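Chemist: The chain contents come next:
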Amino acid sequence: MHKKLLLIATVLAFALIAAACSSSSEDTTTTAGSTETTAAAGGEATTIDFWVAFSDEARLGFANDRAAEFNEKHPEYNIQVTSFSSYNDVFDAAVLAVDSGEPPALIHFFEAATRQALDAVGSDGAPVFKSVTDAIGGRSEILGEPVVLDDVVDAARNYYTVDGSFYSMPWNTSTTVMFNNMDMLNEAGITEPPATWADVDAACEAVMALADAPKACITWPNHSWFVEQSLGQQGELLANNDNGRTGRATEVYLESDGMMNYINWWKDLNDKGYYTYTGIQRDWDGTSNAYLAGEVAMLVYSSSDTTFFDENADFTNVASFMPRNQDVDYVGNLIGGATIWMLDGMDQTTEDGALAFLNFFSNPENAAAWHKLTGYIPITKSAEALLADEGWYDESPNSKVASDQLAAAKNTPASLGALLGDFVGIRDIITGAIEDILVNDVDVATRLAQANTDANKALTEYESLYGG
Amino acid sequence: MLIGLIVAAILGPLYVWQNNDRPSAKRYGLGSAIAVLGAAVTPIAMGQCAFAAETTGVDHLFAYTLMAGGAWLALIALQSFFDRADGKKSESAAMTGEIRTGGFRMGWWVPWALLSPTLIVLIVFLYLPAIQTFTLSTKLTRLGAPKSVDVCFGNFTELFITDPWKLVAYPLIAVGLIYGARFWMNRSEPGTLSRKGADVATVVAMLSVFVALYAMFSPGGGEQVAYRPVYVTTVIISVGIVAFGMIGGLAVAYLAFRRIRGGSLYRTFLIWPYAISPAVAGVLFFMIFDPTAGIFTHTMSSVFGIDVPNYRHNAFMAQSAIILASGWKILGYNILFYLAGLQTVSHDQIEAALLDGASTWQRFVKIVLPALSPITFFLLVTNLTYAFFEVYATIDFMTKGAPAGKTSVAIYEIIRVGVNNGDLGRGAAQSVLLFAAVIAVTLWQFRTSGSRVSYGGS
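For the record, the sequence lines run as chains A and B.
For what it's worth, the numbering used here labels the leading residue of the first sequence as 902, then goes sequentially.
For what it's worth, the numbering used here labels the leading residue of the second sequence as 340, then goes sequentially.
A hint or two may mislead.
Just so you have them, the derived chain B footprint on chain A, three or more residues with Cβ under 8 Å [what the hints assert, rightly or not]: (1) 1016 to 1029; (2) 1335 to 1342; (3) 1355 to 1365.
In case anyone wonders, no lab produced these hints; they're calculated from the structure.
Computed from a prediction, not measured in an experiment: that's the story for all the values here.
Just so you know, even glycine gets a beta-carbon here, dropped at the ideal spot from N, CA and C.
Can you build the whole structure from these sequences, using the hints too?
Modeler: What follows is the structure in structure tokens.
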């Protein structure tokens, strides 16, 4: 008897497998999520969910404080901040929430995934996000909050403008700068922070010749962002169709001259013992610790931690532009960071509340406070002016370096940075290749050729799902 | 596909003939039909995609393997049905010494009703997601993508070499070696030179399985994914963790088992590492060995003037560090079980051996070890499962797969590809592969170790 049942169960299990496998590849059966939120009618505040990818006290705290201030100012709304551990977690959760019918209003998502966010659709096939510019629709203030979107600095505006529309509201925006331990450099007879690769080589030779030479001379995280920055400096494209800005990118160039120059220089520094690799990809903590501990004289890093280094370095810490290739004309560095995306499909009340909060969040006072807290650039021109009036830049000159570097960039597709599908996966391929080159001493050209094949395969696959 | 079904129709009755005494024509017919049905399930479910025009030999190979698996499972189910009808005792009942399971008096549905809460939980949280994983593994898809593409076995075939004949030959050679060794073993007498040769052959045959798998996985290049390095890393780290965890666990347990002052307190502390999460273990060892902030590195350079190289730059050191951290974490668990096991070792036997003049080492090897074999067997399974599935956090904190993927084991790779890069299909395919590996390892362990495990009784 039991065996019979077992048999039936087995057959049923197979039937289930068969049913699951034969279901259509497009999961269109799920009903479209209803995103209607009840408007504030009887004094009940409209909840606006804001999902943030920061979990540290300072940066998450900033978001919480601003939300509390906004709620006090606009009692008909209730901004609710939820913290996630990474950008990917926020994005995955948001897409799933759209399908289950309870999406947040605003999510915090990073620059490299701009293409992915623009392409994202819910299970009903409708786009997940809505252009902030379109939603504002030319209004100069929303619920009494002046619109600051038009005031955003050019580097950020140009980066996030796709097909003529400024899609998402920039929040944490930075660029790569170099931090210099001037005590150590002065001791080695270097009086100015190195500006070019050749200057870095010379400075490192002097530093490593010191009697009390540090472990190594320079470090930076093995993060693809630095590679992209260097390509921008050298005016090289990472992808076709003007870095994916005049059309969808369908090809990446990981074997370009700019790429070879940068990686070869990097490997050379590493082989000479000037550069120290912490051994982990995207290692922000390890590299920053090495600099603060005086194990290296220079650190190429994100400007986002300028305030942190100013406060924590027990030596003279001077910020300077990211070192560039002296053999080619300088084109420009690009931004990095994240923006706040607004989800599509909200009712007018909720959407207006979300837009008002976005503009409040980056109003001159808040943008300036955010900059002072971290070192991310002041995102609007009025915030920059406010800081200059306050005398903040005289007090803290390192904080101005990032904005100056971005202002020095020519506005070309190369210096804007690429919009790419599966950028996260491609970045992973790039850092994986670099790790192989630094640790295993493999040939740069051969390894980059393999990376190029892999990256193009990833992009082609992505385009087969999203493109055309 | 038709060929596969015809072969199934012929092999079905053969299976019936082999497992039944003088079966009836009806049984032959059933065997044939059920085998065809079982074989047909997967190709039909997958829309015969593996036999489409542009497919390769490797695709066909995968399809035939799945057909064979389906037919085999169906035949096993059929056979158990026959055995039931014949009133044979089931194998498990024979092994545990049970005579007969008692009938339930209140109707056949009562036990099922009582089981239903568990079954529902199993179906919703285990079987349905598992089936979804299988479905996902045949697709190219991402979260938030407007469409997905059916790639049939593409996510699997890209992990293997492209030559279908080699792909068939390697596992067959390994299986042949195993059966050859077993045949030799059965023919040889204990204590003879021939038996020693058979022992060696058995070990060689076992190792040949690893070699065959090594040869089957793709070294990368072109459109193929370099999965061979992942396989090698997984084998090294898993074997390392299990060996370190179990040998270390037994050694510490044996030492802690002796009568010592404050023994029970000491023994309690030994178990503590098990209560620590893999992530915390990763952080702890990171704090010890980190080249910048590490305690060990700092002490070595400041006290002894030795510059310890960065462990993440060297494959051997990085893998050792992972094995040390993960093995240390499972150590407490193994100690706990070995301590319990040591209490069951017959004191009389040890005393008798002592009187016969056996040395400590001889007593340990000849009496204690065999007595602990059920626990060793159990720990082998749990430790391997741990090494396969629960090392992600430790690796993520200590090396993130560095140097250049040398510590990126299968589970780490699955999460990197499927979760971090959002490539759901490939992630699912790799997890199906790991799933198959765990089933294979478990089956193998039950077949080989099971027969040699002594559970004490008769």
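Chemist: Is the listed coverage of the stretch 1016 to 1029 of chain A by chain B valid when you require three or more residues with a beta carbon under 8 Å from a beta carbon of that chain?
Modeler: holds (count 7)
Chemist: Just to make sure I understand the rule, a stretch counts as covered if three or more of its residues have a C-beta closer than 8 Å to a C-beta of the chain. Does the stretch 1355 to 1365 of chain A meet that for chain B?
Modeler: Answer holds; 4 residues pass the 8 Å Cβ test.
Chemist: For the stretch 1335 to 1342 of chain A, do three or more residues have a beta carbon lying closer than 8 Å to a beta carbon of chain B?
Modeler: As far as the stretch 1335 to 1342 of chain A goes, the hint holds, because 4 residues have Cβ atoms under 8 Å from chain B.
When each numbered hint is compared with the structure, no violation occurs for any of them.
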